[in-house]
Amino acid sequence: MSKELRLMKGNEAIAEAAIRCGVDGYFGYPITPQSEILEHLMAEKPYEKTGMVVLQAESEVASINMVYGGAATGKRVMTTSSSPGISLMQEGLSYIAGAELPALIVNVVRGGPGLGTIQPSQADYFQTTKGGGHGDYRLITLAPSSVQEMYDFVELGFELAFKYRNPVMILSDGVIGQVMEKVEVDDYKPRWTDEYIKQNFPWAAFGKLPTRNHNIITSLELDSSKQEQVNIRIQSKYKECEAKEVRYEEIMTQDAEYLFVAYGSSARICQKAIELARSEGIKVGLLRPITLWPFPSKALKALGQKMKGILSIEMSAGQMVEDVKLAVECRVPVEHYGRFGGIIPTPTEICEALKKVIAK
Amino acid sequence: MTREEIIKPENLVYRRTPVLTDATMHYCPGCGHGTVHRMIAEVIEEMGIQENTIGIAPVGCSVLAYNYFDVDFIEAAHGRAPAIATAIKRLKPDHFVFSYQGDGDLAAIGTGETIHTCNRGENITMIFVNNGIYGMTGGQMAPTTLEGMKTATSPYGRDREIMGNTLKITELLAQLPGTCYVTRQAVYSPATARKCKKAIRQAFEYQKLGKGVSFVEVVSNCNSGWKLQPVQANEWLVENMLPMFPLGDMKVPDKE
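Order-wise, the sequence lines are chains A and B. The first sequence begins at 1 in the numbering used here and counts up one residue at a time. The second sequence begins at 1001 in the numbering used here and counts up one residue at a time.
The shape of chain A in the complex, shown without the other chains (with noise of 0.2 angstroms):
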């Protein structure tokens, strides 16, 4: 059977992914480049399809802390945001992760610090992969590189969420948002009903049962050996996480002597970079990082001995190339070639700043 297929904005296709896949409940707050989300959401009333809550909050602060209350009853929660928006989200998330709660956070990003601007980015890679509240935590984290995969990766996102019982990021940013591209849209699945969520999800604040003594959903432990003990279970579950979760393509790399590491947009246009360096004889390939935390590290680091030189592309000052040089311990040359603002670089820029890496 072949799938219905749409032409839609990486925005859009994120809020039809919600409907489609039976999220539960989407609290936001309006900021570009990102705002699309909650209108198609409030446009295809999905209240009225699949029973689905949309709501517009007074802030990101209230929304991140909605869809913590609805994670801790078990439903299928999510918000998005840019940016500005996201900071402000921190301590919710530090919270969700904290009282260890499934949930779907998006970031569509812009390029800072402060209000920066509305252009695209990919300079909140630190804030995501290292935990931008505070303590001990980390976020699933996804980069989608196409409408596509902002499509597919919302109910990825839910699935890893409730797997691990922890936050989930898609970490997306101004050009994925915006660009239309083609989408294979699945067709309406039902959300999970209450008897389902008793079943699955033992641990929800749903309303007492008679069979069970109250389900308490907190992050607070003032007696230090036990909260060590929490951190300790969490942590070993971001182990588990890190053994198994990790996604990643690699792209040309089979005869390749340089690498290009880039995630999302900028892996698009690295894509056409290694075009126009092959077309010069310069043989390099992309690995590009699906999940940013857990890192490709790994895979990387084997890519890597093979390579005479590894090319980081980020639209940051140079973020990702870090987790990079780590996973390659070093070994390898490795540099970080990235714009940022809202620049975006083009491949030609790429080209030329891989062959500065050639030249060294």
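Be careful, since some hints might not be right.
[What the hints assert, rightly or not] Dumping the calculated DMTMM-like pairs for lysine to aspartate or glutamate here, alpha-carbon to alpha-carbon at most 20 angstroms:
| id | chain 1 | residue 1 | chain 2 | residue 2 |
| --- | --- | --- | --- | --- |
| 1 | A | K308 | A | E352 |
| 2 | B | K1092 | A | E195 |
| 3 | B | K1092 | A | E48 |
[Unchecked claim] Only part of the chain B face toward chain A is listed, based on derived beta-carbon distances under 8 angstroms:
| id | residue |
| --- | --- |
| 4 | Q1050 |
| 5 | I1054 |
| 6 | V1063 |
| 7 | Y1066 |
| 8 | D1070 |
| 9 | V1071 |
| 10 | F1073 |
| 11 | I1074 |
| 12 | R1080 |
| 13 | I1088 |
| 14 | L1091 |
| 15 | G1112 |
| 16 | K1227 |
| 17 | P1230 |
| 18 | E1235 |
| 19 | E1239 |
No lab work stands behind these hints: they were computed from the structure. All residues carry an ideal CB built from backbone N, CA and C; glycine is no exception.
Based on these hints, arrange chain B on the given structure of chain A.
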């Protein structure tokens, strides 16, 4: 008389509601929180809604409230309980949802969530315990601290020139179209406590109407923060808190 002869249903004058757990409360002797907890728990028992009630605890003295109620409970970030309650009620409209918050939580850091939740008219109950001070962190000034009142961060008394005015947030919330029931109560005497429990019952009953937030402020004491004996604290409350925070209903739903 033997123990068995005494413990009979007909001799029962008081029992702890099973909606409260066996956990020992951490509140200071004489604190109003324990009384308010018991009233809420009794109302939940009387209404038979233990299994479809979800509570939200704040940050502050009552941060551990979730340990004392035998209902499913969620501990909120400071001030965010109304946002959490909003989502839960929207996702589970057949459940009773209540937040339990202090003055710092509801009227300072969480003012945005409080006002917008009340203005949207979420069908939840909000219990607001106002003792005019930050008890948990050691007695600092709250938005509801009275003018001239000494706290750890207003050691010479609250000076409105420097520290601003006392916030009467409940009066403000009563103006919003999204609140259906707004009342101010106290628990310093048996008579006020009886009225307060009635108001809490009303608030939960009004949740069924689906007409918006039912809001109960309880003017309470903080012996430790006020540096007074429990009896003195209650006297101080009557003399000083009540003129600023007069008791009574501010808004009652229209009878239909």
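Which hints from the list above does the structure break, by number from lowest to highest?
Checked against the structure, the hints that fail are numbers 16, 17, 18, 19, while the rest are satisfied.
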